[in-house]
Structures are given as structure tokens and as C-alpha cells.
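**Q** Residue-level listing of the chains:
2 protein chains.
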Amino acid sequence: MKKISNAPETLVTDELQGFVKLHSDKVRLIEGTTCVARRIPKEKGKVKLVIGNGAGHEPAVIGWVGKGMFDLNVVGDVFTAPSGDKIYQGIEAIDDGSPILLMVQNHAGDVLNANYAYSKAKKKGIDIYKVIFYDDIASAPKEFMEDRRGIGGMYFYAKIVGAMAEAGASAEECISMFEAVRDNTRTYGVAFSACTHPATGMEMFGYLKDNDLIEPGMGVHGEGSGNHCVPMPKAAELAEMTGNVLLEDKPYHANDNLLVVVNGAGSTTCMEMNIFYNEFERFLTKKQINVVGGCAGNYLTTQELAGLSVSLCSVNQTMLDLWNAPCCCAILTK
Amino acid sequence: MKKISNAPETLVTDELQGFVKLHSDKVRLIEGTTCVARRIPKEKGKVKLVIGNGAGHEPAVIGWVGKGMFDLNVVGDVFTAPSGDKIYQGIEAIDDGSPILLMVQNHAGDVLNANYAYSKAKKKGIDIYKVIFYDDIASAPKEFMEDRRGIGGMYFYAKIVGAMAEAGASAEECISMFEAVRDNTRTYGVAFSACTHPATGMEMFGYLKDNDLIEPGMGVHGEGSGNHCVPMPKAAELAEMTGNVLLEDKPYHANDNLLVVVNGAGSTTCMEMNIFYNEFERFLTKKQINVVGGCAGNYLTTQELAGLSVSLCSVNQTMLDLWNAPCCCAILTK
Chain P
445 MKKISNAPET
455 LVTDELQGFV
465 KLHSDKVRLI
475 EGTTCVARRI
485 PKEKGKVKLV
495 IGNGAGHEPA
505 VIGWVGKGMF
515 DLNVVGDVFT
525 APSGDKIYQG
535 IEAIDDGSPI
545 LLMVQNHAGD
555 VLNANYAYSK
565 AKKKGIDIYK
575 VIFYDDIASA
585 PKEFMEDRRG
595 IGGMYFYAKI
605 VGAMAEAGAS
615 AEECISMFEA
625 VRDNTRTYGV
635 AFSACTHPAT
645 GMEMFGYLKD
655 NDLIEPGMGV
665 HGEGSGNHCV
675 PMPKAAELAE
685 MTGNVLLEDK
695 PYHANDNLLV
705 VVNGAGSTTC
715 MEMNIFYNEF
725 ERFLTKKQIN
735 VVGGCAGNYL
745 TTQELAGLSV
755 SLCSVNQTML
765 DLWNAPCCCA
775 ILTK
Chain W
445 MKKISNAPET
455 LVTDELQGFV
465 KLHSDKVRLI
475 EGTTCVARRI
485 PKEKGKVKLV
495 IGNGAGHEPA
505 VIGWVGKGMF
515 DLNVVGDVFT
525 APSGDKIYQG
535 IEAIDDGSPI
545 LLMVQNHAGD
555 VLNANYAYSK
565 AKKKGIDIYK
575 VIFYDDIASA
585 PKEFMEDRRG
595 IGGMYFYAKI
605 VGAMAEAGAS
615 AEECISMFEA
625 VRDNTRTYGV
635 AFSACTHPAT
645 GMEMFGYLKD
655 NDLIEPGMGV
665 HGEGSGNHCV
675 PMPKAAELAE
685 MTGNVLLEDK
695 PYHANDNLLV
705 VVNGAGSTTC
715 MEMNIFYNEF
725 ERFLTKKQIN
735 VVGGCAGNYL
745 TTQELAGLSV
755 SLCSVNQTML
765 DLWNAPCCCA
775 ILTK
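Chains P and W, in that order, are what the protein sequence lines are.
All you need for our numbering is the position in the first sequence, starting with 1, plus 444.
All you need for our numbering is the position in the second sequence, starting with 1, plus 444.
None of these hints come from the bench; they were simulated from the model.
By construction, the Cβ of each residue, glycine as well, lies at the ideal position given by its N, Cα and C atoms.
A portion of the hints provided could be inaccurate.
One side only, chain P facing chain W, incomplete, derived with CB under 7 angstroms [what the hints assert, rightly or not]:
1. K447
2. S449
3. E453
4. D469
5. L473
6. F636
7. C714
8. E748
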């Protein structure tokens with residue numbers, strides 16, 4: 445395996461030490477844990493946003509910790525949710541009596557451990573709330589919306605709800621906004637290549653290697669789409685294919701105002717993401733749907749996997765203002 | 445080939461269209477060209493920073509165009525310097541009588557075409573200046589410093605000289621600062637993997653595929669190190685190896701204040717770069733060298749090549765203040 449590493453056992457701690465050295469103005473590592481917290485805590489009384497997730501997807505989620513985004517990210521082992529106790533430990537470390545909103549991406553391990561941490565915090569008298577997000581349309585049909593996985597749409601929740609919390613909204617207001625954003629968000633992904641697990645050195649998605657096939661609908665660990673591979677289309681066709689699937693699931697309408705996040709899976713080149721974004725914006729424009737904001741980058745990755753997901757969120761003016769509000773984290777500073 | 449593309453002929457124009465859509469608050473495309481310019485021009489009279497380079501290395505250099513960095517980036521075909529006429533055309537388009545500083549990375553095609561554009565602009569009465577940068581210690585011995593290639597150290601020149609130009613320094617002051625930064629900068633790179641040319645679909649660096657070898661000293665197109673491959677070391681050893689080579693070339697001293705840029709070659713994971721940075725910072729700390737600023741990311745890439753380069757620059761307080769000065773471009777906003 446040709447990945448920079450000292451040993452599988454120290455991957456996450458080594459990484460987090462490096463990350464906080466690089467971004468010491470924005471974040472800190474909570475001593476003796478794998479919890480990344482805001483360098484300067486929010487004013488007491490404001491809602492704090494917390495999330496736990498497995499490592500291996502960087503720069504997410506550690507890169508979204510900072511002013512106007514997450515207050516705390518509890519990091520697990522590679523592709524492994526942090527234990528409930530670890531999540532609780534992080535929550536306890538930042539608890540100052542302010543409301544805490546635990547955001548949970550819908551993956552079995554994340555949900556189980558978040559539930560444990562939530563219950564424990566509740567029992568300890570912490571003012572805690574919990575929301576679950578799911579946006580991946582490939583992972584379950586519309587009728588089972590709540591079974592869908594939480595993936596790239598996280599950017600919307602983190603930014604919009606984060607800005608609202610920063611501005612001093614109550615936990616109820618944050619939850620209500622979160623639910624509105626979740627209702628308006630859809631994500632669809634496509635994978636192109638193999639990648640390597642950084643701890644085991646094992647190849648993941650080997651069936652995508654040395655051929656011209658891509659896999660539509662694949663999630664961030666290769667979950668669940670049933671390997672329905674298709675030949676690689678041209679950029680414009682790929683935009684149309686993903687766009688049509690998204691609009692079939694949620695019929696965004698003419699004159700709707702949409703945010704677009706093109707999330708690279710890891711080794712998708714900047715050139716490709718720019719080309720794709722150009723075609724995807726054209727696709728929406730043809731449908732008379734307005735793109736009012738967008739970004740493209742390797743944010744929530746699966747190591748050096750190639751591929752991307754597109755996340756859409758229809759927004760009103762309040763949501764758009766929150767999307768554009770100042771923030772300061774490793775991935776985004778406005 | 446599994447890269448998002450419509451056709452080899454439209455790679456660069458498609459990409460640039462997408463890029464300016466994504467960053468329309470920061471940049472614009474000059475009509476009918478492949479020139480990316482600042483959205484809002486600098487105040488008249490301030491030095492404008494211009495650079496030309498081949499495409500395929502994104503997010504650099506287009507991602508460094510914006511307030512406090514480059515004013516104009518003239519983009520050529522993939523891995524091909526833009527022609528002298530194209531560079532001149534871009535310069536003419538932004539010329540308002542302010543001094544123009546043409547920064548040239550030391551690669552044969554870039555230098556030839558920049559010289560042509562410079563001469564033509566001179567003849568037309570444009571107030572133009574030219575500097576060449578070279579920082580890659582693997583490409584020529586110390587005695588032939590000026591033959592070295594210009595690579596990842598560009599980040600220092602763009603940021604520090606860009607901030608100075610933004611603050612209203614004269615062309616002479618900018619050039620003098622540029623030369624000081626160049627004298628203080630060294631870069632050394634290591635490549636790990638193969639990648640694919642996005643226009644031809646041909647594999648580049650195939651000798652790095654399916655083995656445990658890495659190539660120290662490789663440049664951004666695979667130039668000139670003679671394929672002296674070595675087995676992949678552990679993270680700490682890799683930091684020590686690259687650090688020793690750099691310090692042998694320029695003996696940075698105890699108590700020196702250094703900026704460190706870890707530049708990923710494209711598919712180097714964020715996890716790896718954080719781990720490497722952690723070890724590299726430790727290496728410097730052991731030598732009692734101070735790290736006063738640093739960043740890590742896939743900035744100046746070679747498509748989805750894996751690997752990285754480390755650029756070091758020793759700075760005084762003035763340089764450090766310029767490094768930390770506000771800026772607003774796609775790669776960095778402060």
C-alpha cells in the first residue's frame with residue numbers, strides 16, 4: 445500500500461494532530477480524545493452543533509468545525525462510527541449548559557451510537573436534542589425516505605443550521621430549519637474507480653478497476669446500490685443522467701432557487717468537477733431552475749475513490765442568507 | 445478512460461466556464477479567451493500580478509486568482525504553456541496603465557512564451573515587468589539554481605507578493621520582495637502512483653503502478669529525476685527523508701521562522717497530508733526551527749497523481765504579515 449501512514453493503530457490520532465496544527469486558529473483537539481472542537485467556543489446560551497462520524501472521509505467532517513458550522517466533531521476509527529461513550533465524552537467536554545443539537549447521519553452505526561450518547565446526556569441533565577439526516581435517493585425509495593443514508597447533503601445542514609445557531613436561534617428554531625432543509629435536499633452519487641483502505645491496505649470497489657464502467661447510486665462506503673454498472677458517459681450525459689434521477693425523486697420546479705453541491709469522492713480532479721458543474725448548471729437552466737449558490741470539491745470523500753455526488757437543496761431567502769452568512773472552518777471561510 | 449469530459453478539444457473551455465460559475469464573486473472569464481481575471485479589478489495604479497500556465501494542474505493557478513493574489517491567469521491546453529500571443533492578449537485585456545508583473549514558472553515553454561508576451565507588451569508601451577521563479581531542488585544542483593523548475597513554492601510568491609501589490613507597493617518593491625521570497629524558498633516532491641492524461645486517456649507514470657515504489661524528486665509532469673524509485677517508507681521516515689534533503693540544500697537554522705506548504709499531487713488523501721504535516725512539523729521542531737504558518741491540500745496537482753511536495757520559506761515579520769494578510773480567491777479566503 446502506498447499511503448502515508450505510521451501504523452494502522454495511529455492513523456486517526458496522527459491525522460488529527462496534524463489537522464489541528466494546520467488549523468490551530470479554528471479548531472482544537474480535546475485532550476486525550478479524538479474530538480475536534482472549535483478553538484473559541486460559542487457564546488454561552490447559543491445552540492452547539494455536534495456530529496460523530498468514522499474517519500477516512502476527510503476533509504469532512506473535521507473540516508466543517510468552526511465558527512458558523514459545527515462546534516464539535518467526534519471522530520471514530522476509519523469508516524467506523526465513534527462509540528456512544530466517545531460521543532458522550534465529547535459532549536460532556538463542551539457542555540456549558542447551552543443547548544446541544546446532535547446531528548446524526550443515517551448509517552446504522554452512527555445512529556446506534558448517537559442514540560446511546562443522547563440518552564446518557566439526557567440522563568445527566570444536559571440540554572440535548574437530536575436530529576437525523578438522510579438525503580441519498582439511491583439508498584431507499586421515496587416511500588421509505590427515513591431509511592435513506594445521510595451523505596453529501598450534510599454540507600447544507602451544517603452551513604444553514606450552523607449559521608442559524610451562530611446567530612442565536614433557539615434549539616426549536618434550529619430543528620425546524622433543519623427539517624425544512626432536509627425536506628428540500630436530495631443527493632445522488634456515482635463512483636468511477638477503486639480505492640484503498642488506509643488501515644488494511646485492501647482494495648475497495650475492485651470491480652471498478654481497469655474498465656470503463658461506473659456505478660451510479662453508490663454511497664460513501666460502497667453500500668447498497670447492487671453494482672448496476674454502466675459505461676462512462678460524456679460529461680453532459682452524466683449531468684443529465686444524475687439530474688433526471690434527482691428531479692424524478694423530487695420535482696424541483698421552474699423558478700425554484702437551488703443550491704448545488706458537487707462533492708468529489710476523493711481523487712476526482714478539479715478539472716472534472718468544474719466541467720461537471722458547468723454541465724449540471726446548464727441542465728438546471730434548461731429546466732428554468734435557478735442556481736443561486738454552489739460549490740464543488742472533494743469534501744466528504746472515500747479515500748482516493750473517483751466519482752462524485754450531487755446534492756440539491758431548494759431554498760427561500762432566509763435559507764439563502766444563512767448559506768451565505770460568514771463562517772470560518774478549514775473547508776470554507778466566508 | 446473514466447474522466448468527466450465532453451471532448452478533448454473542449455476540456456479547458458468547459459472547465460473554465462464551470463469554474464467561473466462556481467466563483468463568480470471572485471473571478472471572471474475574459475470573453476473569447478482562456479483568461480481568468482479578478483472579478484473586481486484592483487484600483488488603478490497598483491501592480492497587477494499575471495501568470496500563464498498549462499491546464500491540468502487545477503485548482504492552481506486559477507484558484508489563486510482574486511483579491512490579494514493573482515490578477516490574471518492565462519490558461520493553456522493541458523500540460524501546455526499558453527502561447528505568447530494568448531498571454532499578451534490577456535495582458536492587453538486587463539491593461540489600464542498600471543504596472544504589470546508577469547510571474548513565470550521556470551519551464552521551457554512557459555519561459556519562451558512569457559518572453560514573447562513580455563517583449564510584445566514592452567513594444568506596445570505597457571508598463572510591464574517579469575520575474576522567473578524556480579524552487580524545485582531535485583531538478584538541478586545548487587550551482588545551477590536558475591535552471592531549477594518552478595513548482596509548489598508558487599504559493600509563497602503569489603500570496604506574499606500578491607498581498608504587497610494589493611497594499612499598493614511599487615513594481616520595484618514587489619520584485620525585490622519576490623526575489624527575497626525566492627531566495628528563501630525550496631521545494632522537494634515525491635510521487636507515488638500513476639495517473640491519466642485527461643485529453644489522451646494515456647497513463648502517465650505507469651512504472652509507479654501496482655508496486656510499493658515511490659519516486660523522490662519528481663516534478664509536476666514527471667520531469668527529470670531519473671526514476672530513482674525507492675520503497676514507500678513510513679510517514680515519519682518520509683518526513684525525515686524529504687526534510688533532510690531540503691535542509692541539505694538550504695540550511696534553515698534553529699530559530700528560523702518557516703512557512704510550510706504540503707502540496708498534494710491530486711489524489712493524496714487529506715488524511716495522508718495531515719499525517720505527513722504532523723510528522724514534518726515534528727521534524728522541524730526537533731531542529732528547533734519554528735513553523736509560523738502552514739497549509740496542506742491538493743493545490744498544484746498533476747491530475748489524480750498521488751504524492752506530494754513540501755515547500756519551505758523562511759520569513760521575517762514583514763513576509764509573515766503579508767502571508768497572513770486578507771485575500772479572497774477560490775483556494776484561500778482570509
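**Q** Now tell me if each hint is right for this structure.
**A** Status of each hint after checking the structure:
Satisfaction of the interface hint for K447 (chain P) is found here, the shortest Cβ-Cβ separation to chain W being roughly 6 angstroms, below the 7 angstroms cut-off. For S449 (chain P), the suggested interface contact is upheld, since its CB lies about 6 angstroms from the closest CB of chain W, less than 7 angstroms. Below 7 angstroms, beta-carbon pairs count as interface contacts, and E453 (chain P) has none with chain W, the closest being about 13 angstroms; its hint is therefore violated. The beta carbon of D469 (chain P) is not positioned within 7 angstroms of any beta carbon in chain W (closest approach about 10 angstroms), and the interface hint is therefore violated.
Here the hint on L473 (chain P) is broken, as its CB sits about 11 angstroms from the closest CB of chain W, past 7 angstroms. At about 4 angstroms, the closest approach between the beta carbon of F636 (chain P) and any beta carbon in chain W falls short of 7 angstroms, and the interface hint on this residue holds. With a least beta-carbon distance of about 4 angstroms to chain W, the hint placing C714 (chain P) at the interface is held under the 7 angstroms criterion. About 4 angstroms separates the beta-carbon of E748 (chain P) from the nearest beta-carbon of chain W, less than 7 angstroms, and the hint is met.
In summary, the numbered hints that this structure violates are 3, 4 and 5.
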